[in-house]
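Listed here are the chains, written in short residue letters.
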Amino acid sequence: LAKTTQPISMDSYEGQEVNITCSHNNIATNDYITWYQQFPSQGPRFIIQGYKTKVTNEVASLFIPADRKSSTLSLPRVSLSDTAVYYCLVGDLWSGGSYIPTFGRGTSLIVHP
Amino acid sequence: NAGVTQTPKFQVLKTGQSMTLQCAQDMNHNSMYWYRQDPGMGLRLIYYSASEGTTDKGEVPNGYNVSRLNKREFSLRLESAAPSQTSVYFCASSEEQGDRELFFGEGSRLTVL
Chain G
1 LAKTTQPISM DSYEGQEVNI TCSHNNIATN DYITWYQQFP SQGPRFIIQG
51 YKTKVTNEVA SLFIPADRKS STLSLPRVSL SDTAVYYCLV GDLWSGGSYI
101 PTFGRGTSLI VHP
Chain L
1001 NAGVTQTPKF QVLKTGQSMT LQCAQDMNHN SMYWYRQDPG MGLRLIYYSA
1051 SEGTTDKGEV PNGYNVSRLN KREFSLRLES AAPSQTSVYF CASSEEQGDR
1101 ELFFGEGSRL TVL
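These protein sequences, in sequence, are chains G and L. So the first sequence is numbered by this note's numbering: it starts at 1 and just counts up by one. So the second sequence is numbered by this note's numbering: it starts at 1001 and just counts up by one.
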């Protein structure tokens, strides 16, 4: 299985920028890096995806260096409502021939007042 | 537009009992997935269906069966529940096999005594 490594937990304060870094040394050449957010008692929610360089949307930015062995999710000016688990995903090729995102353990982000 | 709907949301079973978790999506997606989430383990893929009429095993298929009833519905069956199957189960869908953006249901919390 393709493996990702990210910190188990992080703490921040309201208004700060939070950067969560993920390593994925074995990412396939044609694979994307995808990040999900999960609130307690809810299913994960897609937030951003990228292949290389930088991607930005209304929620976050994603930075991917040229070697693509890592990526950084950046959350600008976090609020209490950003407290969640954040998953970095790369794909795995399953026996049926399908390429499916594989979840790791995620990073639990706690934002303090 | 409900997205992905799972039933039931909560269930308590005794060891050896059987049950079926139901999942339906109204987004006309071709691919559907079942994951389980255990504390500290992230989400693990149980089975997936790349398209109507096909199903394939994921990372942890033992003790489960699935049925892709039609394009909308993908059910997960536990034939003889075991305490190790106590978990939160998530159904997800994506437009096509290989898409990195999955849409998740709210989860079904199953306890096996």
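FYI, nobody ran anything at the bench for these hints, they're computed from the structure. Be aware that a few hints might be false.
[Unchecked claim] Below, simulated EDC-like cross-link-like pairs (lysine to aspartate or glutamate); rule was C-alpha separation at most 16 Å, straight line:
hint: 1; chain 1: G; residue 1: Lys69; chain 2: G; residue 2: Glu58
hint: 2; chain 1: G; residue 1: Lys3; chain 2: L; residue 2: Glu1059
hint: 3; chain 1: L; residue 1: Lys1014; chain 2: L; residue 2: Glu1079
hint: 4; chain 1: L; residue 1: Lys1057; chain 2: G; residue 2: Asp92
hint: 5; chain 1: L; residue 1: Lys1009; chain 2: L; residue 2: Glu1101
hint: 6; chain 1: L; residue 1: Lys1071; chain 2: L; residue 2: Asp1026
[Claimed, not checked] What follows is a set of in silico ranges between Cβ atoms, one per label pair, in the way DEER data are often shown:
hint: 7; chain 1: G; residue 1: Glu17; chain 2: L; residue 2: Ser1051; range: 17 to 27 Å
hint: 8; chain 1: L; residue 1: Gly1040; chain 2: G; residue 2: Gln16; range: 18 to 28 Å
hint: 9; chain 1: G; residue 1: Tyr13; chain 2: L; residue 2: Glu1096; range: 36 to 46 Å
hint: 10; chain 1: L; residue 1: Ser1018; chain 2: G; residue 2: Gln16; range: 42 to 52 Å
[Unchecked claim] Some chain L residues judged to face chain G by a derived CB distance under 7 Å, without partners named:
hint: 11; residue: Pro1008
hint: 12; residue: Phe1010
hint: 13; residue: Pro1083
hint: 14; residue: Glu1106
Bear in mind that the values here come from a model prediction, so they are computed numbers and not experimental data. Glycine residues also receive a C-beta, built at the ideal position from the N, C-alpha and C atoms.
Hints and how they fare:
1. G:Lys69 with G:Glu58: violated, 25 Å
2. G:Lys3 with L:Glu1059: holds, 13 Å
3. L:Lys1014 with L:Glu1079: holds, 12 Å
4. L:Lys1057 with G:Asp92: Distance of about 13 Å is within 16 Å: holds.
5. L:Lys1009 with L:Glu1101: violated, 23 Å
6. L:Lys1071 with L:Asp1026: Holds, at about 9 Å.
7. G:Glu17 with L:Ser1051: 17 to 27 Å: Because 41 Å falls outside the window, the suggested range is violated.
8. L:Gly1040 with G:Gln16: 18 to 28 Å: Cβ of Gly1040 (chain L) to Cβ of Gln16 (chain G): about 26 Å, so the range 18 to 28 Å holds.
9. G:Tyr13 with L:Glu1096: 36 to 46 Å: holds, 41 Å
10. L:Ser1018 with G:Gln16: 42 to 52 Å: holds, 49 Å
11. Pro1008: This hint is violated: Pro1008 (chain L) lies away from chain G, its Cβ roughly 15 Å from the closest one there, beyond 7 Å.
12. Phe1010: Violated. Min distance 11 Å.
13. Pro1083: Hint on Pro1083 (chain L): violated, closest Cβ of chain G at ~22 Å, above 7 Å.
14. Glu1106: Hint on Glu1106 (chain L): holds, closest Cβ of chain G at ~6 Å, below 7 Å.
Hint violations for this structure: numbers 1, 5, 7, 11, 12, 13, all remaining hints satisfied.
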